[in-house]
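Throw the hints in and build the complete structure from the sequences for me.
Numbers 12 to 496, taken from the working numbering, label the letters of the sequence shown in order.
These aren't lab readings, by the way, just hints derived from the structure by calculation.
The reader is advised that the hints may include incorrect statements.
Claimed, not checked - Computed Cβ-Cβ distance ranges for the label pairs, DEER-style: (1) G279 <-> A455: 19 to 27 Å; (2) T463 <-> L411: 52 to 60 Å; (3) T109 <-> D293: 29 to 37 Å; (4) T109 <-> E265: 45 to 53 Å; (5) L458 <-> T138: 46 to 54 Å; (6) K285 <-> G495: 43 to 51 Å; (7) D80 <-> R174: 24 to 32 Å; (8) Q127 <-> E19: 33 to 41 Å; (9) T463 <-> K336: 38 to 46 Å; (10) L493 <-> E367: 38 to 46 Å; (11) E19 <-> P404: 44 to 52 Å; (12) E178 <-> T266: 31 to 39 Å; (13) G279 <-> E19: 40 to 48 Å; (14) S106 <-> S402: 46 to 54 Å.
None of these values were measured; they are calculated from a predicted model.
Note that CB positions come from ideal geometry on N, CA and C, so glycine has one too.
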Amino acid sequence: MSNPAAPEKARIGLVGLAVMGENLALNIARNGFPIAVFNRDTSKVDRFLKRAEEHTQGRNVFGTYSVEDFVSKLEVPRRIVLLVKAGNPVDAVISQLTPHLASGDIIIDGGNSLFQDTRRRESELRTAGFSFIGSGVSGGESGALWGPSLMPGGDRAAYEHLRPVWEKIAAQVDDGPCVTYIGPDGAGHFVKMVHNGIEYGDMQLIAEAYDVLRKDLGLEPAELADIFEEWNEGVLNSFLIEITAKIFRVLDPETKRPLVDLILDAAGQKGTGKWTAQTALDLGVPIPTIQAAIDARVLSAHREERLEASQQLTGPAHTAFTGDKKQAIAAVHDALYASKICSYAQGMNLIRSGSEEYGWGINLGELSRIWKGGCIIRAQFLDRIKQAYQSRPDLPNLLLAPDFKAWVLESQPRWRQVVSSAQSHGIPVAAMSASLAYFDTYRAASLPLNLTQAQRDFFGSHTYQRLDRPDAGAIHTEWEQLLGK
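In structure tokens, the structure reads:
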């Protein structure tokens, strides 16, 4: 039954009233677009209508209790957003909807679907006469409600039907709404996947900075809160640094201890990080910082093993810090920022490679712009990334952008100092170390892989090329014969 305050037809529909779906629907209604909602568990429809009454006085909202009723409430061409669990549930909902749809209707998957699934669905639905858009939605429940970063990919003409809604509900920054057309078929979900991989790297780097400050310098949560608040005023200004400072301020109501100290040290994941790593391997793009972050989460889950190992495998003896704490804190700041630059460089290169592989034509500068607001990785320095790609669209790596190059080179000694000190004290800094190794490998004019290639030719006749004869092509050597055996 439609709400009496709503118009006769809805501009857009939404299926899936879990946290993200419910909040996105309220955002759409609040911004003046009549919306029809449906959920398999119809009790969630009733709950949503009650919340909508409080949030929008019930204006612009239709609650429906069957697929047929839901579809009948939509303007033509129908625009239907799916916010359901990735995988088979998406296919199941599409199968339920399509018998009731007409040619030209548009289905928008706003979940975290694997981009290859989105490519398949887009092709299948296009053949059947429908349009399909895979749109990344970032910002968590707060972003969904008040303005997310949106990454739509699919048919460009179909997106034009969605664009007025997406531009209105997206986060708004100084240079426009945090949404742009990403590219054909699975481009939007590919970009959202890599966004989440960068998010993994960001979070792990912050966790390692926290670990160094806590274990090496002996700082307490209240001190850490002050430090992160100060960092958030400079080049590290970001949503994640901001909430980290707030986390350190929160006390457990029962024990009055810092709540962060009472949280189990085992981090979860939902799959997008793993997909990022798998895709990077498929495309041959190194993302060591992001991979280290994924490994850290996986290893954290093996807590019982770690507790046993901690009783048997000893590391360096702990010694109290005796240096200049202010300088040490500044060094950790610089190491975090330099590592972050490397992590983003890896993510942007992965997006570029995916764009080239699938012919998407993704604009990296525009991506940086739409990530400035709404999304989890929103940060001040994304404006610098945008400017770097605007100045040089074919920039091969962010480390070569003049601004970032100058900063990393100037902070390099402190970056190395932090990684070295942490390792000497037995504090794991896998992501920071990976970023530093990536920097050193990328800047190396000579790598020891000449030996690796010689080994491959020795045991497998895989051939090699000679530095002094670049035109000679692939060469195989009978290594044992040259040894006289």
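Status of the hints after comparison with the structure:
At roughly 36 Å, the beta-carbon separation of G279 and A455 lies outside the given 19 to 27 Å, and the hint is violated. Here the CB-CB span from T463 to L411 is close to 26 Å, at odds with the stated 52 to 60 Å. A hinted range of 29 to 37 Å holds for the C-beta pair T109 and D293, which are about 31 Å apart. In this structure the hint that T109 and E265 lie 45 to 53 Å apart at CB holds, the actual value being about 52 Å.
Taking the beta carbon of each, L458 and T138 are about 47 Å apart, inside 46 to 54 Å as hinted. For K285 and G495, the Cβ-Cβ distance of about 50 Å falls inside the hinted range of 43 to 51 Å, so the restraint holds. Range check, D80 to R174: Cβ separation about 27 Å, and the 24 to 32 Å hint holds. The hinted window of 33 to 41 Å between Q127 and E19 holds, with their beta carbons roughly 40 Å apart.
Against the hinted window of 38 to 46 Å, the Cβ-Cβ separation of T463 and K336 comes to about 43 Å, which satisfies the hint. Between L493 and E367 the beta carbons are some 41 Å apart, a value that agrees with the proposed interval 38 to 46 Å. For E19 paired with P404, a C-beta distance near 47 Å keeps the hint of 44 to 52 Å intact. Here the CB-CB span from E178 to T266 is close to 47 Å, at odds with the stated 31 to 39 Å.
For the pair G279 and E19, the supplied restraint of 40 to 48 Å holds, since their beta-carbon distance comes to about 44 Å. Between S106 and S402 the CB atoms are about 47 Å apart, so this pair conforms to the stated range of 46 to 54 Å.
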